[in-house]
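As they're listed, the protein sequences go chains H and Y. 80 is the number that my numbering gives to position 80 of the first sequence; each next residue is one higher, with no gaps. 15 is the number that my numbering gives to position 15 of the second sequence; each next residue is one higher, with no gaps.
None of these hints come from the bench; they were simulated from the model. Warning: the hint list may mix true and false statements.
Unchecked claim - From the derived model, a few chain Y residues whose C-beta atoms are all more than 12 Å from chain H:
no., residue
1, G14
2, D44
3, T51
4, V107
5, L111
6, L132
7, I194
8, L235
9, G252
Stated by the list, open to error - In silico DSBU-like pairs for lysine-lysine, Cα to Cα no more than 35 Å straight-line:
no., chain 1, residue 1, chain 2, residue 2
10, Y, K98, Y, K13
11, H, K139, Y, K98
12, Y, K13, H, K139
13, Y, K257, Y, K98
14, H, K208, H, K124
15, Y, K98, H, K238
16, Y, K13, H, K238
17, Y, K98, H, K316
18, H, K238, H, K208
19, H, K124, Y, K13
20, Y, K257, H, K316
21, H, K208, Y, K257
22, H, K316, Y, K13
23, H, K208, H, K139
24, H, K124, H, K139
25, Y, K13, Y, K257
What the hints assert, rightly or not - To give an idea of the interface, some chain H residues facing chain Y are shown, with a C-beta separation under 8 Å as derived from the structure:
no., residue
26, R99
27, P102
28, M133
29, W295
Beta carbons are placed, not taken as given, at the ideal position from N, Cα and C, and that holds for glycine.
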Amino acid sequence: MGSDGDTPKLARPEMAGPAGLSEAREQSTENIVLEATGLTKDFGPVRAVDHLDFAVSQGEIVGFLGPNGAGKTTAMRMLVGYLIPSAGMVTLGGGNIFRDGPQIKKQLGYLPENVPLYTEMTVKEYLGMMAKMKGFHGKATARAVDRAVAMMELETMLGRQTGHLSRGFRQRVGLAQCLIADPDLLILDEPTTGLDPNQISELRRLMKSWRGQKAILLSTHILAEAIMLCDRILIISKGRLVASGSPQSLAGLSDNSVATEITVRGQGSDPLAGLAEIEGLSATREAAGGERLLWHIEGRLNAENRLTLNAHLASKQWEILEWNSGLSALEQTFRRLTLEEGDQRQDLD
Amino acid sequence: MRNVLVLADKEFKGLMRMPLGYVVLSVYALVSGMVLMTMINIFDHQLARVTQQASQVTSTKVIIDVQVVVVTPYLLNVAALLIFIIPFITMRVFAEEKRSRSLEILVSYPLRVWEIVAGKFLGIFGFFGLMLSISAVHLVILQFISAPHWGPIIGGFGGLILLGMTLIVIGLFVSSLTQGQVEAAVLTLGLFMIMVMAGEVAGGRSSLVQRGLSLISPLYHFQDFGRGVLAVQNLCYFISASLLFFALTMRGVDLLKWRG
């Protein structure tokens with residue numbers, strides 16, 4: 001149990017890893033805070049999580065990225081010790097989460113997706129209770145609460161019942177609960193769900209400020225969020241880890257084609273009817289209403305064929321109303337890996 | 001142990017701040033008060049009748065035992081009332097935590113399963129103690145009406161405490177298995193009724209099976225306490241049943257970790 005606010009830090013883990021780890025991961029094993037080895041969960045005949053192997057190092061932000069139902073939440077529940085895996089192991093600071101749980105969970109902060117709080121308690125009571133359960137005593141409890149309150153700017157909400165708070169403040173209280181023992185590892189399940197753009201921006205700023213100090217594992221189905229926040233992304237599909245790497249390296253897995261959407265307006269025959277003449281491009285056309293046409297173009301749009309396309313439209317006297325680059329390379333990688341059947345896992349970085 | 005007390009405090013205060021807590025206390029106070037008034041009225045009528053009869057025989061001293069006429073029926077009725085009320089104070093303990101996913105946060109903390117179960121039990125038991133304090137006030141009122149023997153009354157209260165303890169633990173067990181509060185309340189009440197009715201169906205019949213069935217009933221084991229009699233087998237029943245269902249509740253919470 002901690003006393004006077006001094007919570008024990010995690011012991012350095014042994015430098016060992018399961019077979020199949022990429023070279024880059026092996027280079028940072030001494031800083032590994034969380035490690036999942038062969039993590040599998042079956043619910044009857046349904047395999048929800050299928051042999052997940054990954055690690056999170058001190059100071060890095062790692063994103064679980066996957067479509068709804070991919071197994072992200074199930075995986076996180078196993079990582080925090082709420083669900084017992086059908087196979088595999090979770091180590092937190094070198095200790096087994098299920099065997100050594102009470103000792104090592106002091107360095108874990110977890111927030112489920114819907115931010116469940118005890119609605120009949122005030123913010124101060126709730127955080128005080130959670131601090132005590134993390135092992136704080138006496139004045140150290142109050143100091144821990146004050147620190148978390150200051151970090152999440154909850155000073156004006158201390159006397160309010162958590163059930164009466166807005167979604168944004170509930171999220172802040174949930175995060176304050178995570179941070180109350182200044183843990184080494186934060187596990188956040190879809191932390192931006194239900195927040196407005198300002199709140200999302202603020203939360204992202206906070207998480208970025210923790211980079212280098214804490215290990216953060218967050219789940220999201222929003223690609224842009226993963227790109228913006230994460231040092232490394234784990235793409236999960238149908239319970240399996242299909243790719244792992246930095247956003248840049250994962251983008252490199254795409255076929256380098258950029259799907260472009262062009263909305264054009266004009267009169268006369270369809271100006272892009274001869275599009276096939278422009279090498280390497282194929283297009284599908286959708287009516288956008290009135291004189292507008294929406295073209296969805298697949299293929300490499302380099303400088304040369306962009307000029308050709310522009311010249312072609314100008315010669316037909318059609319104007320370009322919108323030009324969207326559409327799917328980015330990482331989006332294409334994500335779509336390819338999560339929509340296609342494939343057994344090959346891609347480990348990058 | 002500290003975690004147990006922290007959780008108990010949260011559970012107790014939670015009930016006290018909810019409409020459910022006030023409703024339960026009010027209903028308990030009202031119904032048990034009405035039971036007491038009824039018993040006192042019966043006592044008065046019997047006393048008046050016997051006094052009138054005795055006045056015709058000058059040498060007869062009138063004695064109506066308040067223990068027999070008021071205290072024991074009051075305690076037995078309160079025990080029956082607990083069968084119906086306790087499911088409503090235990091229904092949300094685990095079912096609500098599972099539904100809201102707050103149990104996930106709790107499990108991610110450095111807590112052991114027995115600490116979670118013990119803390120919740122203690123919190124609900126504390127609320128139950130508040131209910132019993134209402135009955136204590138009721139029985140103190142008797143002091144102004146007659147001269148009750150406090151030994152049997154204290155023994156009866158001890159029985160209520162043991163009965164409440166056992167019923168609460170059974171309620172926690174059912175709550176640990178269910179996903180919804182209403183489901184937990186109905187199943188707990190149903191289980192209580194089956195345990196009580198098994199004893200009632202057995203009644204006073206002599207067959208071995210029927211006698212065995214009567215031993216399941218918590219009310220059957222409370223009856224001696226209600227009369228002010230402390231029987232060891234009844235004490236053993238309540239303690240062992242409580243320990244059994246406490247262990248089963250821990251298993252119920254553990255089962256969540258397997259099936260989600």
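Are all beta-carbon distances from Y/T51 to chain H longer than 12 Å?
-> Check passes; 53 Å lies beyond 12 Å.
| said: What's the verdict on H/K316 and Y/K13, does the C-alpha distance respect the 35 Å limit or exceed it? | reply: violated (76 Å)
ask   = Under the criterion that the straight-line Cα-Cα distance not exceed 35 Å, is the pair Y/K257, H/K316 satisfied?
value = violated (66 Å)
- prompt: Going straight from one Cα to the other, do H/K139 and Y/K98 come out at no more than 35 Å?
  reply: Between H/K139 and Y/K98 the Cα gap is close to 32 Å, so the pair holds against 35 Å.
Next on the checklist: Tell me if the straight-line CA distance from H/K124 to Y/K13 falls inside 35 Å.
Outcome noted: Holds, at roughly 14 Å.
query: Hint check: is the beta carbon of H/W295 less than 8 Å from a beta carbon of chain Y?
result: For H/W295, the interface hint is violated, since the closest Cβ of chain Y sits about 46 Å away, which is over 8 Å.
task = Say whether it holds or is violated: Y/L235 keeps its Cβ farther than 12 Å from all Cβ of chain H.
result = For Y/L235, whose nearest Cβ neighbour in chain H is about 34 Å away, the distance exceeds 12 Å, so it holds.
- Query: Is Y/I194 truly not at the interface, in the sense that its beta carbon sits beyond 12 Å from all beta carbons of chain H?
  - Reply: holds (30 Å)
Distance restraint between Y/K13 and H/K238, which requires alpha-carbon spacing of 35 Å or less: Violated, at about 43 Å.
Just checking, Y/L111 versus chain H, shortest CB gap more than 12 Å?
-> Since the minimum Cβ distance to chain H is about 6 Å, Y/L111 lies within 12 Å and the statement is violated.
Take the shortest C-beta to C-beta distance between H/R99 and chain Y; is it under 8 Å? Not OK, violated: H/R99 not within 8 Å of chain Y, min 12 Å.
Self-check item: Interface-negative label, Y/G14 against chain H, beta-carbon threshold 12 Å
Solution: Violated: least Cβ distance 5 Å, not greater than 12 Å.
Of the numbered hints stated above, those contradicted by the structure are hints 1, 4, 5, 16, 17, 20, 22, 26, 29, listed in ascending order.
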